[in-house]
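Using the sequences provided together with the hints, build the complete structure.
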Amino acid sequence: MIEKMDQIFVLLLHWLVSYLPASLQAAASTLLSVVVIVCLFPALFAFAVWMERKGLGRIQNRLGPNRVGPFGLFQPIADGIKSLTKEDVVPLIADAPIHFLAPVVLVVAVFMGFAVLPMGRNMVLVDMDAGLLFYFAMGATTEVSVFMAGWSSRNKYSLLGGMRAIAQMISYEVVLLLSSVSVVMIAGTLSLPKIVEAQNHYTWGLPHWYIFTPWGLAGFVMFAIAATAETNRSPFDLPEGESELVAGYFTEYSGFKFALFFLGEYLAMFSISGIATTLFLGGWSAPFSFLTWIPSWIWFFAKLEMFIIVFIWMRGTLPRLRQDQLMNFAWKFVLPFTLLNLFVTALWRFMGEGWERWVFCSAILLAAYVVMGRVGMNRENFRPRSYRYAE
Amino acid sequence: MSPVFYLIAVITVGGALAAVLLKSVVHSALAVTGAFAGLALMFLSLDAQFAGFAQILIYIGAVAILVVFAILLTQGSEILTDAVFSRTWLAGFVIAAAVFAALGWAVLQSAPVLPNVSAVPAVTVHDIGVALVGRYVLPLEIIALLLTAATIGAVIVAMHEKEAAK
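Heads up: the sequence lines are chains A and B, in that order. Counted the way the working numbering counts, the first sequence spans residues 1 to 391. Counted the way the working numbering counts, the second sequence spans residues 1 to 166.
If you're looking for bench data, these hints aren't it; they were derived computationally from the structure. On a predicted model such as this, the values are computed, not experimentally measured, just so you know. Mixed in with the good hints, there may be bad ones.
[Claimed, not checked] If you anchor each label on the Cβ, the simulated ranges turn out as follows:
| id | chain 1 | residue 1 | chain 2 | residue 2 | range |
| --- | --- | --- | --- | --- | --- |
| 1 | B | 5 | A | 346 | 38 to 44 angstroms |
| 2 | A | 35 | B | 66 | 36 to 42 angstroms |
| 3 | B | 127 | A | 32 | 40 to 46 angstroms |
C-beta atoms are modelled at their ideal positions from N, C-alpha and C, and glycine is treated no differently.
As structure tokens, then:
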């Protein structure tokens, strides 16, 4: 029974496909899985938008949406109808074909990333040997669409937003890749299901997730920072800073194209949360060995949902960074620390089992964190600010 | 040659031609991105996953973005008013044809030398990694040194400009 619940979607798929002739089965099962992914994540998107508006509302001491349906739950449906029926305005001097292609390229590239995510035991669309590389390749493609949107609108706010977004995404993509390399070094594979499998062991009922090692914790924190910047979420949402750039690279988009950008942003958030879960939090494995009877897909989506909640919480709490702060943080703190983490990971790999490696690796990382933080603080020279025009 | 091959060839060659023939520089940059994507698809259709994904990651994610950045930061994105063909197009064409001929000759010559494999070799990412740090470690190190030197050079160029501005 437990086994059945765990594999319920896989069994359902096999059962549905078994009614078809054998020659069509492989294609049909792929098609069906794609349809499920393409339907499930936009549904999750609708729910996440509702949760975000409600959560931000509570953080800011408001009620949030509460008119459409119970607790405003049908708000996303109303928003969807609104964006579908709105006029689609394309600026007269805009580069129309590229202006049209930009949101399409974005959504397609983001959806492709879900193909390699293991969402449960045996629940991965394509088990690629180089799955992680595929994911990052698709993530890199979204930068092109951001540029297309920013440039083709022929609007200075769009162009500035696009330039900011690309500069930010390139800077943090380096960190994103390097921090996941340490996981690849330990797991010895680029295939995401195998990375999950490598973490799915228990000692004294506790899991062998990579976050519970010194290098894993450091790598996870760096990965989470870079993921927030990659998805342009607050406090790294400069490319669409409302107070400066109207809406950044999608200022000139309206109606359903705007909705597609919105969808793309949230889907990128889901998929990067999924990758973070897979790399550091054991993917679909349970947090304690006595909880393994709960189906694996529940764990995956619970962890994903937890990431979303943290994203919303951060958005409601932290102020936006300035462009120079963002770049300094990426290149002068996060990147050197990630490089150091690679060395620590190699050390961890070759020191063998035992308590020495725990002490040694933690000490190096802690010392580096403190020293780099202190040096950075001294260089910044924090003093009471005086504003020339305010006094 | 399957229909997939011809489809990919159309994307790649079309993208490359558009990159040369379009008048707007940004359009050319986006067209060459399309050609890169076509090349990546070609690698994937030959079962070379690692090469294909690396092609997307590096050429679309980094090189294409670098190109558009350079265009936007330098001469702007005005559309050319005069003809696309430069005055020295004949010399350029001859050089391109010579390079193509040399490469084509090398490829055609190498075909009989290689062992005739009927089955597709199963090369995993693991094998590529082992080969890179095993047999090909020296080229890898040389490239790493070159890239480090380039990075340091870029930083020095940027620093110099800052001092001059003061």
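Quiz item: Going through the earlier hints one by one, which of them does the structure break, listed in rising order?
Solution: Of the numbered hints, just 3 does not hold.
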